[in-house]
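Undergrad: The residues making up each chain are set out below.
There are 2 protein chains.
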Amino acid sequence: MSDEAARGPRAPAFDPRALPESNATAYPPPLRDANMMRWNRRISRHAGLRNFAVNLTRIAPGGQSSYRHAHSRHDEFVYVLRGEAVLETDAGEQVLSAGMCAGFTAGSGDAHRFLNRSAEDVELLVVGDVFPGDEVSYPDVDMQGRLQEDGSFRILHKDGTPY
Amino acid sequence: MSDEAARGPRAPAFDPRALPESNATAYPPPLRDANMMRWNRRISRHAGLRNFAVNLTRIAPGGQSSYRHAHSRHDEFVYVLRGEAVLETDAGEQVLSAGMCAGFTAGSGDAHRFLNRSAEDVELLVVGDVFPGDEVSYPDVDMQGRLQEDGSFRILHKDGTPY
Chain F
1016 MSDEAARGPR APAFDPRALP ESNATAYPPP LRDANMMRWN RRISRHAGLR NFAVNLTRIA
1076 PGGQSSYRHA HSRHDEFVYV LRGEAVLETD AGEQVLSAGM CAGFTAGSGD AHRFLNRSAE
1136 DVELLVVGDV FPGDEVSYPD VDMQGRLQED GSFRILHKDG TPY
Chain V
1016 MSDEAARGPR APAFDPRALP ESNATAYPPP LRDANMMRWN RRISRHAGLR NFAVNLTRIA
1076 PGGQSSYRHA HSRHDEFVYV LRGEAVLETD AGEQVLSAGM CAGFTAGSGD AHRFLNRSAE
1136 DVELLVVGDV FPGDEVSYPD VDMQGRLQED GSFRILHKDG TPY
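Line by line, the protein sequences are chains F and V. If you read the first sequence in the working numbering, its first letter stands for residue 1016, the second for the next number, and so on. If you read the second sequence in the working numbering, its first letter stands for residue 1016, the second for the next number, and so on.
This is chain F alone, in the form it adopts within the complex (with noise of 0.2 angstroms):
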């Protein structure tokens, strides 16, 4: 390998894992806790890239990806880089381990989250959609989302009240 190389990437590469992390949610107090052993790099935005969301998400031990959930024009894939992450959707639970992936098509309905019930780290790369309009439903908590125009993501209850 040439010196320039041994020095590492350099753009358009680059080390996702040399990106800060972040454990910020847009989830409401009472919901947030939950979250808070996820942890995103957001990695497609450092890149420049507008048309799609590339994130490697990190769950800690004893964490979760999110509340389950289903997207209503957003198409969603998961790849798992590291770990054993237990995937949770409406048929149930199952492992999987390294290499792994999964699809959640727009509009299914099919909620799913992605836990960490091992004691090393969970690692997953997210790809997902960041067009405006989508629609988030979360079966299991008095939680409703949106994506909006802006690209802020508003969080109601499921009456529709904020919170």
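Just so you know, the hints here were simulated from the structure itself, not pulled from any lab data. Since this is a predicted model, take the numbers as computed values, not measurements. Positions of the beta carbon are idealized from the N, C-alpha and C atoms, including for glycine. Do not rely on the hints blindly, as some may be mistaken.
[Unchecked claim] Non-contacting residues of chain V with respect to chain F, defined by C-beta distances greater than 12 angstroms in every case (computed):
(1) R1047
(2) Y1082
(3) H1172
(4) D1174
(5) P1177
(6) Y1178
[Claimed, not checked] Away from chain F, derived, C-beta distances all over 10 angstroms, residues of chain V:
(7) H1084
(8) R1128
(9) G1166
(10) F1168
[Unchecked claim] Some chain F residues judged to face chain V by a derived CB distance under 7 angstroms, without partners named:
(11) F1067
(12) V1069
(13) F1092
(14) L1111
(15) G1118
(16) T1120
(17) D1144
Following the hints, put chain V in place on chain F, whose structure we already have.
TA: Chain V only, in chain F's frame:
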């Protein structure tokens, strides 16, 4: 692990390497040979996703992912899952090991391809757009491409004449 989980992934999850792979290409015969060592598994299509494309691309030793190209309207994202991939862009070459990634923004004009100069397979997870109207430019060979409204990818000579 329960007996059910031990049976392996079930929909909407799956093992992407259990899907058939293909080295089919839209390139015309004189330029096709260089792509015969690149094998694609169409993961997102298998999952029924329609808003973006995710492919698992295997490049055998000596192969290339494509000719060096740039998209006019499509974003592209590549994550190296396995092996040592050589990324070639306008700025030259660099080696990307497993865990590195790269983003190629629509309209940048910077053309890229991945090469495998190692003795082991390279595996890439490749994410891209699917909407029609994308123009693909190839600075190194006599081709230009366009994704048609019907989803087919049409390749012409640079002077606009058909192959």
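Undergrad: Can you name, in rising order, the numbers of the hints this structure does not satisfy?
TA: Every hint satisfied by this model.
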